[in-house]
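Chains as they are written, first to last, in the numbering used here: chain A, 1 to 353; chain B, 1 to 356; chain C, 1 to 444.
Think of the hints as simulated: they come from the structure by calculation, not from any bench. Hints should not be assumed to be uniformly reliable.
Chain A stretches covered by chain C per the calculated footprint, using a threshold of three residues with CB under 8 Å from any CB of chain C [what the hints assert, rightly or not]: (1) 83-94; (2) 260-274.
Here are some chain A residues the structure puts well away from chain C; computed CB gaps all over 12 Å [said to hold, decoys possible]: (3) Ile41; (4) Phe59; (5) Leu119; (6) Ser122; (7) Ile123; (8) Ala128; (9) Phe136; (10) Arg137; (11) Thr138; (12) Phe146; (13) Phe174; (14) Met212; (15) Thr215; (16) Arg352.
Virtual Cβ for every residue (Gly too), placed ideally from N, Cα, C.
If you want the building blocks of each chain, they are given just below.
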Amino acid sequence: MDKSLHVVLMYLLVHLGLIFFLYPNDIISSSDEGQWMPIAIGLLFHFVLVWIYMKGLSFFPKQNIIHIYSEMGKGFATFFLLPVFMYLMLVNVIGVRAYSEIITIIFLSNTPSWAIIILFLSISGYLAAKGLEVIFRTGILLALIFIPIIFFVLIATFQNVDWNYLLPLIDDDFHFMTTPSYMKSFSAFIGGFLFLGFIAPYLTYNRKKVLMAATLLIPFFVFAVYIPILTFGHGTASRFLFPYIMAVDSTYINWLMFDRVTMFFILSLVTFIMLHLSLLLWMAYQIMNHWFPHQPLYSILSFTIVTFITSIMIIDWKAVERLLWWNSFLQFYVLLTIPLSIYFIGRRRKGRA
Amino acid sequence: MRIIPLKLLITLCTVFLLSGCWDTKDINHRSLPIVMGVAMEDDQYNIHLQIPDPDTDVMQVRIVSETGETVSQAVDKLSANMESRIDLLHVKVIVIEKELAKEGVKDLISGFMRAREVSPKALVVVSDEKIEPFFSNLNNTTDPQGTTLFDFFDKDAGWSPQIALTRVWELYRSIHSTTRDVVLPIIKSGDSTVIQHLGSAVIKNGRMVERIDPEETLLVNAFYEESTHGKVEVMEEATVLIVGNTMDHKSRNIDQVPYLNSQLHLKVVLLETIGKPTDKEIRTALETQLTNRFNEMFSKIQESKADVLGLGQYFRAKIPSEELKKWRSEHYPKLKMEFEVHAVIRNEGQIKLGAD
Amino acid sequence: MDPFIKELKEKFVHSDDLFLHEEEILDVPVLLVGFKSLIDFTKTKVTLQKYIDTAISSQKTIGELLNEIGEVKEKDLEEAVSSIMTGKLLIISNSHRKYAVIEPFHNMLNRAIEPPTNENILQGSLSSFNEDIKTNIGLIRKQINASNIRAEFFSVGSEQKTKLSMLYFEGQADKKLVEKIRSSFEKNQDREINNLQNLAKSLGFSGWSVISKVNTTELPSETVAFLRKGRVALFVDRYPFALILPCFLWDMFTLENDRNYPIPLMASIRLVRIFGILISLLIPALYVALVAVNPEVLRIELALSIAQSREAIPYPALVEILLMLIILELIIEASVRLPSSIGPTITMVGGIILGQAVVEAKLVSTLLIIILAATTIANSTLVGIQNSLAVRLFKYVLVILASIYGVLGILGGIVLISAYLASIETFGISYLNLNYAKEGTKNG
């Protein structure tokens, strides 16, 4: 059955969750001016990789990447799937840890992070154990409830912009390409589409619609960076850990009965992140299930426990940043090799047939 | 299969019941100060907090004060001595003593931004008198809700267009910006009214360097395209009410000398006339009055090298960013400013002009 | 005496409303057996006499006569008992080894068709189902004049037989769904169905689901609308509701009767119901979160007045709200229990307790009373009592999470509830389905 709507919404939600927290800071600290260039290059990567990935997958209707690799042989499958598995687990650990830390930084300053991690993991573990279709359907409900809030806040943040900060438009040297923070920013550009290769037998989708969803994301990628810059200027924005959240915090809405709309905004995004985490857990389970067939509950329970223990062992924000930096290499490796290998396997298979 | 989640749930419940809730503190056990006064005494911060104290029948306002090495230390000391925990979450106005403002508030503001306990939307105000008498006067005249000072600056309540409005994040931005400074309102406790507005302090890099009067602040606000609606302008010929304003800017950079042409378009309504001036006379009088006032103010702030109008912003595309970092010291003093006012009398009221 | 009659008598020993009336039909001695409580004997006998008279004039034998007016069966005790139980009249002749089952005049044991008692209708057809399964199906047939309505009957239960019937639109309803329901009834032939929990069991649903998987309605007009959209309606004898399968989230907000209004009005009514669920779920949790954990979200004026109203209240917000919520649940439950003549007392006493005394005694804050009232009112806007019960339960999950994590807990709870709703499936059809009608026709 065609479930493009499910897939498209999931695609949007996963990326929205990634865009507004760490990514603005990464881009702002990677370049002093003309931030649209790093954004454009990142988006180009995003589009090319998503297109290749989907094109490659389209050679194998009703097959996910696990099936595709295992058809090529056991060693082949392990060679590709092991890094993916490691990547998924690492992203899971980092995600849980980073977002729990963000929540304690922004509010709930007295709540220990393990309590927040428990909340995160129990909700996403529950979702993951329920299976893929439940995750996607939950995505639809959450989109219905929270996307209006996100839109409202997004529009409200234009309150304090000073368009002069847009200038100068051009940054003639491309030194941002070499900064570590730009590397890290790619987790937002390319960190969210891996799931497209896992859902095949359960859900099918229209490739064009997913590309349209990716197009819809462009303004979010741009605004997440530019709203803080237009509000504070680069000099000030680069001093913030979460520039976009600061920008939201500085908006003043007279008529609303709530004072800090930031909280609703952040937390709506956090729910999207929970959804993303559950998707990661489910993908990890799929790979595990391929090696040792078993019930989802066992592996998801053990994954959450492992994630919990590892993320508690990360003591401070510095360590999180370091992990993010290490992860960006693994991420590049995984997210370049997977789409490309799928594409070439598909091409070869088609050529043979 | 069914038992595992159940067991997990029970364990979780016990954990939460045993360890309790960390951030849970009922609102009536928190003190929510609305105004915070900061002064410097012998290298120690002196903090005053105005706390509405909700009693069952009437709301009372308390003033508490403490000194400490840092603001947090002072607040912490206060918290320990009070029966409820102090939460700075709702501080709406931060009053800085003039002496401290002259010394510089960079660290203070950075601290507010970092801890995120004080909202970045809180207003920053400079007190012309000592912080202690200011607060005790405030307490004598203040309404039971304790929000007087906050209402004074609230656009929906007591704000008027000649009062500068600057929030913590704007002050922080100005400290780290190369092309922008801010003005902070200067107030003191009044005799018949609670507060007396004295004009604005020009803050450069977190330090007060100059002061301008309310009329000049109006121009600053007009420059930021804040609404100046409701301000009455008195001239020899007539008195008018401003009902609308827009700005236009043209910037050029010729031979390292920046030029800026700014045009203020005003819409006014006639209130009173003295004698029988014509439409044109009134307009010219208004235009010259505002232009002169602006030029006077501009020369003052240009001298102090504080760019409260954010003029450097208009040269972002004209001057390379490396050069722009020296905006305040090198380019700004050289700036040639042309200020023009274009007034339109939108209507003349119920009586025709020249009829009486 | 005939051993058959003896056995029959033994079976119904101490059933004093059983009558055994000796009679002669066409000069053959017969025994009329049935329940006085179920059969209008006089009327039945008059009609029987008419048949006998015509039979005499056309010179029929007794066998022919019985065949004509009823069903002649072999002497099978089990079947005879169940016929008597369902209110049939048995004519047993001593000489033949047969008996006839005759449809008699029944005592009027059914309600007349009345306006609905559980669902109020503003502008729309007012008749509602009653306990008799045939009347109900008749109402459906009357409501819609369509030849492709199918009504399949089942009889389940080992000891006590319950009549069930399944109605659907041929060509609209998903054939697979109909087949699944049919086979699950056939598989669970021996299960007795006395209540909806039994029914859910024999349909193969878990009894622990908070959200009811069958939608109930007592209005033929609603039922027909569901049928037209490809759903399946089940009727259980003596249960005056149609049970609609599958059930969807969207049913909480829609009534077919809404379509009797212009579209903008319909849309706004439905919007009100959506607000209803959001308010009744979120507001109590928001109160706990904002008062106890995240007061910075409130505007200062609001924060101060809440602080003032909570002054001198001796327990935390969570306890405060749980206390009042439970009292409120008790009031709702009590007003259901009480006969309608005493019912208003509860409302009055409850109103006095909640509105005045509790606040004046400084047990809870005034704001909380407003919140509770809003919650209860909002909760009642939902369509279907089983849905509003579920929402009432979900509310507590949010309140408890909010007391631990504040606003984060609320949103986490929303994810949890959404996930739960998303995980509900009825015969493989998701609870969140929005355009089932379209898909249904496609498959069927």
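Status of each hint after checking the structure:
no., hint, verdict
1, 83-94, "violated (count 0)"
2, 260-274, "holds (count 8)"
3, Ile41, "34 Å, holds"
4, Phe59, "28 Å, holds"
5, Leu119, "5 Å, violated"
6, Ser122, "9 Å, violated"
7, Ile123, "5 Å, violated"
8, Ala128, "10 Å, violated"
9, Phe136, "8 Å, violated"
10, Arg137, "4 Å, violated"
11, Thr138, "4 Å, violated"
12, Phe146, "8 Å, violated"
13, Phe174, "40 Å, holds"
14, Met212, "21 Å, holds"
15, Thr215, "25 Å, holds"
16, Arg352, "36 Å, holds"
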